Amino acid sequence: MRKLAVSLIALSGLIAGSLAPVIVMAAGDAAHPKSQHWSFGGIFGTYEKPQLKRGFQVYQEVCAACHSLRLVAYRNLSAIGLDEKAIEAIAAEKELPGAPNEEGEATTRKALPSDKFVPPFANENAARAANNGALPPDLSLMTKARVGGPDYLYALLTGYKEEAPKDVKVPEGMHYNTYFPGHNIAMAPPLSDEGVEYADKTKATVPQQAKDVTAFLQWAADPYLEDRKRMGIKVVLFLIFLTGLLYAYKRKVWAKLH
Amino acid sequence: MANSTTAPDGGGETRRDFLMLATTAAAGFGVAAVAWPFIDQMNPAADTLALGSIKVDISKIAVGQAITVKWRGKPVFIRHRTAAEIAQAAKDDKAKLIDPQPDGKRVQKPQWLVLEGVCTHLGCIPKGQKSGERKGEFGGWFCPCHGSHYDTSGRIRKGPAPSNLPVPAYKFLTDTQIQIG
Amino acid sequence: MANGGTGTKIVKWVDARLPIFSFMDHSLRDYPTPRNLNYWWNFGSLAGVVLVVMIATGIVLAMHYTPHAAMAFDSVERIMRDVNYGWLIRYIHMNGGSMFFIVVYIHIFRGMYYGSYKNPRELLWWLGVIIYLLMMATAFMGYVLPWGQMSFWGATVITKLFSALPLVGEAVTEWLWGGFSVDSPTLNRFFSLHYLFPFLIVGVVVFHLVALHTSKSSNPLGIDPRGPQDTIPFHPYYTVKDNFGLGVFFIVYAVFVFFAPDFFGEPDNYIPANPLSTPAHIVPEWYYLPFYAVLRAVPDNFVGQWAGLGYIIINAKLAGVLTMAASILVLFALPWLDTSKVRSGRFRPVFKWFFWIFLLDVAILGVCGAHAPDEPVFAWFKGFDYLTLAQITTAYYFAHFLILLPILGKIEKPLPLPTSISEPVLKGGGSAGASAAAQPMEKA
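As you go down the protein sequences, you meet chains Z, E and X in turn.
The opening residue of the first sequence carries number 1 in the numbering used here; numbering runs sequentially from there.
The opening residue of the second sequence carries number 1 in the numbering used here; numbering runs sequentially from there.
The opening residue of the third sequence carries number 1 in the numbering used here; numbering runs sequentially from there.
Note that these hints are calculated values from the structure, not bench results.
Be careful, since some hints might not be right.
[Said to hold, decoys possible] Using 20 Å as the maximum straight-line C-alpha spacing, the simulated PhoX-like pairs for lysine-lysine come out as follows: (1) E:Lys55 to Z:Lys85; (2) Z:Lys110 to E:Lys105; (3) Z:Lys116 to E:Lys60; (4) E:Lys70 to Z:Lys110.
[Said to hold, decoys possible] Partner residues are not named here, just some residues of chain E that face chain X (Cβ under 7 Å, in silico): (5) Phe18; (6) Pro37; (7) Asp40; (8) Ala45; (9) Ala46; (10) Asp47; (11) Gln129; (12) Ser131.
[As the list claims (entries may be wrong)] Cβ pair distances, simulated, as ranges: (13) Z:Ile233 to X:Lys12: 22 to 30 Å; (14) E:Gly73 to Z:Gln60: 44 to 52 Å; (15) Z:Lys256 to X:Leu165: 54 to 62 Å.
Treat the numbers as computed from the prediction; the structure is a model and nothing was measured.
Backbone N, C-alpha and C define an ideal beta-carbon position, used for all residues, glycine too.
Full structure from sequences and hints, please.
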């Protein structure tokens, strides 16, 4: 019985060990992103509202020009610490198609907090036309949609090289990035030192901006992370307690047989 | 349930019962805790709740005009009452009303009447919002389905409807903007 | 709990009209279960519990999901973001699928090690394989529903397998699709069938349990109970043991749901389906990986060299499909392929080794399924790629069933079986080969 268990555990270790490189595998020869420390990592991870606010500022001022965030509603921003008035103002900056008027003509209206983030381009063609044929992907789920998650995003944003390695030819209009699969990415380096002036006066280095906007995007992809982990601790502790009781009860019942 | 068929062994039996009780109680608590999300998920979701209140700009509504807005899936009538309509509504406080209610209790500012546009009989949408539509004998609204007449305060005056057109919760954010819900 | 007089009266009233209580009593309390079952016997009831969890969470998710190509992905995200506790129910359902297969695989391997498929339990085994097939179909369709990149392309690859069928292939595939490619009609019908299949599974599970109650449970020694001294009532002994096992299982399940909810998943499935862009690596869910490896193990030139005339009838794609189908269907033949008269692997020292090697073989097949066929297994040995490894392990897989087991049963010298189930206990937990004369082997 013990041998069976040990063998099965060894087996699952073998499987997990072999699959792990697949799971975390960087496609092609792209470098493996380094593990960063994130406030939301680990069992007790949480978001830091000041960081999310800074990250949102980076998104709004740098990324939102090309990248949509269409699964997030303006009202969701209350979770990062913005009040109702601020959210209304942020939403009202954008216009989106309204209901047809009495003559049947298309109208536009200001965005409301209940609306989802208004995308920068009306449709895919407009997005491609404005970006040399490349389509800037939506960012709502970006940290979940890439192998390596937040570590990968941070590495990507800080992984641009001015000069590509000697024997590498970077096509016209592309940029060399250490961590992007295939190394040639259509997006020009989006971040620059002091490119954003943080409202909370934090020094806006590229690594700082990259960290903050990645944390914001992690929140955009996983807004219930804190609830989930908090609930998880309670649930697992309760289950351990309950299983302990179940084990004691099992032993009590079976004691009759011996 | 687990009525033991073996002879009770004194202390052991009691401990087993206590253990069984504690375990069952803990398991029951667990089941209840798990049940709640399954029940709560049927409650209105966050995006539905967000649309639960709307803001309406009433600055463009001329005196004597009315608009219809959609709120929580229902039409809401907003009428900019004329002086004559207001006077008539106040006078009719003393008339024989099917569902007595003074006009003063149905408005926050007398010139603005905000009502749910759903007939209290069987749910049709009464006519009277647009100029040229029948307003019924009392100058308010007329429901074409079964002939209910509402007055300039939205009160039921004649016909099968049992109660007045309901006034939804609303407040004036400014003189030109109201929030419904 | 029955509250003395009133409760018992109600029970009697109902039972006289619909004998549900005496049925439960008989099935649970009277069911004579071998007293020596170990924890590997917990996994059947665990599978039943997971099935109930999947149905409960699935029905609730279906209240919010929209099975149309333009709305499916967003409806799932709405569940994750707007529906109260939607993220929790979705993660329970998503990880439940993987937990279901983990539990069922352990359950199957338990059966293979202890010879639970042998006479008189052949039909019990068959019903189990049918449940497994229904699970695979259900999980496949379920994975398509979120309409991510892997949903779409996995659906495309697998439905395209049917086009390998001679003559009717294209027609069957278009019939499955409801169009000329995987699109909204396909999604909608997969949703309908995904809702249906779990109830078919419930039906087959009922037959599975009836078959079990007919032959009664096997046990780690593989010898039949000789009398009441060898068995104990299922309730309360095994209900209590199953409950404990359930607690342990839920802890593992909860760790995944709350702390690693995307562990079993693919990041690409968080990208909305794009029919015009194929992902770099199309990988099925982990529980299909061994069969995926078998499917891809048959390359073009292999068939060309062997077939000659057959090349026209069977192309590589069809050969791959047939081989993959065979790898599952061979399970049906297992009770007859294994010629050993001894049930339990505990008394079959040579078989034991081959069982573990078989497990390893399946695990390696799974690893192959996760990699591109042309990728070298070891960075320093470029000539040996995953395709070759898959071919070796596929060949071994069939060899295990078709060659090893039949021969082994005939030539293996098993260890002496104990006289009875309670004998090792009475002898003070003695070893199986205690001094007593070797007993005639249990007719398997």
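Consistency of the hints with the structure:
1. E:Lys55 to Z:Lys85: holds (14 Å)
2. Z:Lys110 to E:Lys105: violated (34 Å)
3. Z:Lys116 to E:Lys60: Cα-Cα ~27 Å, so violated.
4. E:Lys70 to Z:Lys110: Since the Cα atoms of Lys70 of chain E and Lys110 of chain Z sit roughly 17 Å apart, the hinted pair holds (cutoff 20 Å).
5. Phe18: violated (15 Å)
6. Pro37: Result: holds, 4 Å to nearest chain X Cβ.
7. Asp40: holds (4 Å)
8. Ala45: The hint holds - Ala45 of chain E has a Cβ within 7 Å of chain X, the shortest such distance being about 4 Å.
9. Ala46: holds (4 Å)
10. Asp47: holds (4 Å)
11. Gln129: Result: violated, 33 Å to nearest chain X Cβ.
12. Ser131: violated (40 Å)
13. Z:Ile233 to X:Lys12: 22 to 30 Å: violated (47 Å)
14. E:Gly73 to Z:Gln60: 44 to 52 Å: With a Cβ separation near 33 Å, Gly73 of chain E and Gln60 of chain Z fall outside 44 to 52 Å, so the hint is violated.
15. Z:Lys256 to X:Leu165: 54 to 62 Å: Roughly 59 Å apart at Cβ, these two residues keep to the hinted range, so it holds.
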